[in-house]
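Asks: Protein chains in written order, with the numbering used here: chain A, 1 to 152; chain B, 1 to 188.
Treat the hints with care, since some could be wrong.
Quick partial rundown of chain A residues pointing at chain B, CB under 7 Å, derived from the structure [stated by the list, open to error]:
1. His5
2. Pro8
3. Glu10
4. Tyr21
5. Arg22
6. Glu34
7. Asp35
8. Tyr116
Here are some chain A residues pointing at chain B (derived, C-beta under 8 Å) [stated by the list, open to error]:
9. Val6
10. Thr25
11. Gln38
12. Leu42
13. Leu45
14. Arg46
15. Ala133
Please keep in mind that the hints were generated in silico from the structure rather than gathered at the bench.
Built from N, CA and C at the ideal position, the CB exists for glycine as well.
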Amino acid sequence: MERVHVPPFESFYAEHRDQVYRLLTRRLGRQRAEDAFQETFLRALRAYPRLQHTENLRAWVLTIASNVAIDTSRRPYDGAEVPDLESVDQPPAYAELKDMTDGLPPKERRAVVLRYGYDLSYEQIGAAIGASAEAARQAASSGVRRLRKELS
Amino acid sequence: MTVSPELDGRFREAAVSAGLVDVAYDLADTPVGELLVATTDRGLCRIYFDPAGGEERLASLYGRRVLRVPQRLDPVKRQLDEYFEGTRTDFDLETDLRYVPEFHRLVLAELALVPFGQLTTYGALAAKVGHPRAARAVGGAMNKNPVPIVLPCHRVVGSNGSLTGYGGGLHRKRSLLELEGALGELSL
């Protein structure tokens, strides 16, 4: 496989910290956002040595943040766990997938959107949804099967 | 809305405490310019006279989890401050010399014994490590010294008393020797 150049963590962190903080503040309020911020980047640090991709690092870290927000608020999944990225430019595939995948179970939905909407690797998706790369692959493929069934 | 310096600082320190940082660095203001100082969990691993692009260089050597953690470098910066203020003649720091080849390591160990304010020559260091004809190889070891100032390669000069060379530039070598009161010993 071609060796990818992943930026030093400092550059990655400096580039995304404010956006992560804004997302968490919006979701959790300023108080709880602070702990969630730290937790988000600690999770990213844990996964960082295994990253195989450098595309969409922003989507990757915002997904981690979104998961941390969910863990923090401990509310039941409501299908809103795909990060709200309306303010940023996204591949058109994403918007379309968002509607198409509305009916999927949350984990499959996130895996499908991250795989096909953001083109993230299963390693990255796994880290983002707190599962192994293999589990991420399975979630995405079972999501796709389910979609196929629904669409046929 | 941006991350406050307090929150930012807390994250950086938490990252180190959790053992998730391959190499921590900071910038140090000194009379010989801004230095980039970096440490792994084994000890001080790099001092760069030219901080530009330092993160990339550190990542390629020690791992991509490079993070600026000023507090982690406090002991290094404090000792450098004391050295430049003239109140410290010896550094007391663990070093990480993992990329230094065997022969260079022997030379650096010998170099570490050259006291503040004194000079030696490439040839004399070569003789100390049992290879009196290896002055040029000693020069190579000095040139690749990962932690200049702390390992005092500035105290090594040519046998004719010329400054010869320095990784940080001859003007810095001259400043360091001046600070140590050793310039007078030079013939030039």
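Asks: Give a verdict on every hint.
Replies: Verification of the supplied hints:
Against a cut-off of 7 Å between C-beta atoms, the interface hint on His5 of chain A is violated, since the closest Cβ of chain B lies about 9 Å away. Evaluation of the Pro8 of chain A hint against chain B yields a held restraint, the C-beta minimum of about 4 Å falling below 7 Å. For Glu10 of chain A, the interface hint holds, since its Cβ comes within 7 Å of a Cβ in chain B; the closest pair sits about 5 Å apart. For Tyr21 of chain A, the interface hint holds, since its Cβ comes within 7 Å of a Cβ in chain B; the closest pair sits about 5 Å apart.
Taken as an interface hint, Arg22 of chain A checks out: its beta carbon lies about 5 Å from the nearest beta carbon of chain B, inside 7 Å. Taken as an interface hint, Glu34 of chain A checks out: its beta carbon lies about 5 Å from the nearest beta carbon of chain B, inside 7 Å. A hinted interface residue such as Asp35 of chain A counts as satisfied when its beta carbon comes closer than 7 Å to some beta carbon of chain B; here the least separation is about 10 Å, so the hint is violated. The restraint placing Tyr116 of chain A at the interface with chain B is violated, with a minimum CB-CB distance near 27 Å, outside the 7 Å limit.
Nearest Cβ of chain B to the Cβ of Val6 of chain A: about 5 Å, under the 8 Å cut. The hint holds. The restraint placing Thr25 of chain A at the interface with chain B holds, with a minimum CB-CB distance near 6 Å, inside the 8 Å limit. Annotation: interface hint on Gln38 of chain A holds; nearest CB of chain B at approximately 5 Å, less than 8 Å. Look at Leu42 of chain A: its Cβ gets to within about 6 Å of chain B, closer than 8 Å, so that hint holds up.
Because the beta carbon of Leu45 of chain A sits about 4 Å from the nearest beta carbon in chain B, less than 8 Å, this interface hint is met. About 6 Å separates the beta-carbon of Arg46 of chain A from the nearest beta-carbon of chain B, less than 8 Å, and the hint is met. The beta carbon of Ala133 of chain A comes no nearer than 18 Å to any beta carbon in chain B, farther than 8 Å, and the hint placing it at the interface is violated.
Checked against the numbered hints listed earlier, the structure breaks hints 1, 7, 8, 15; every other hint is satisfied.
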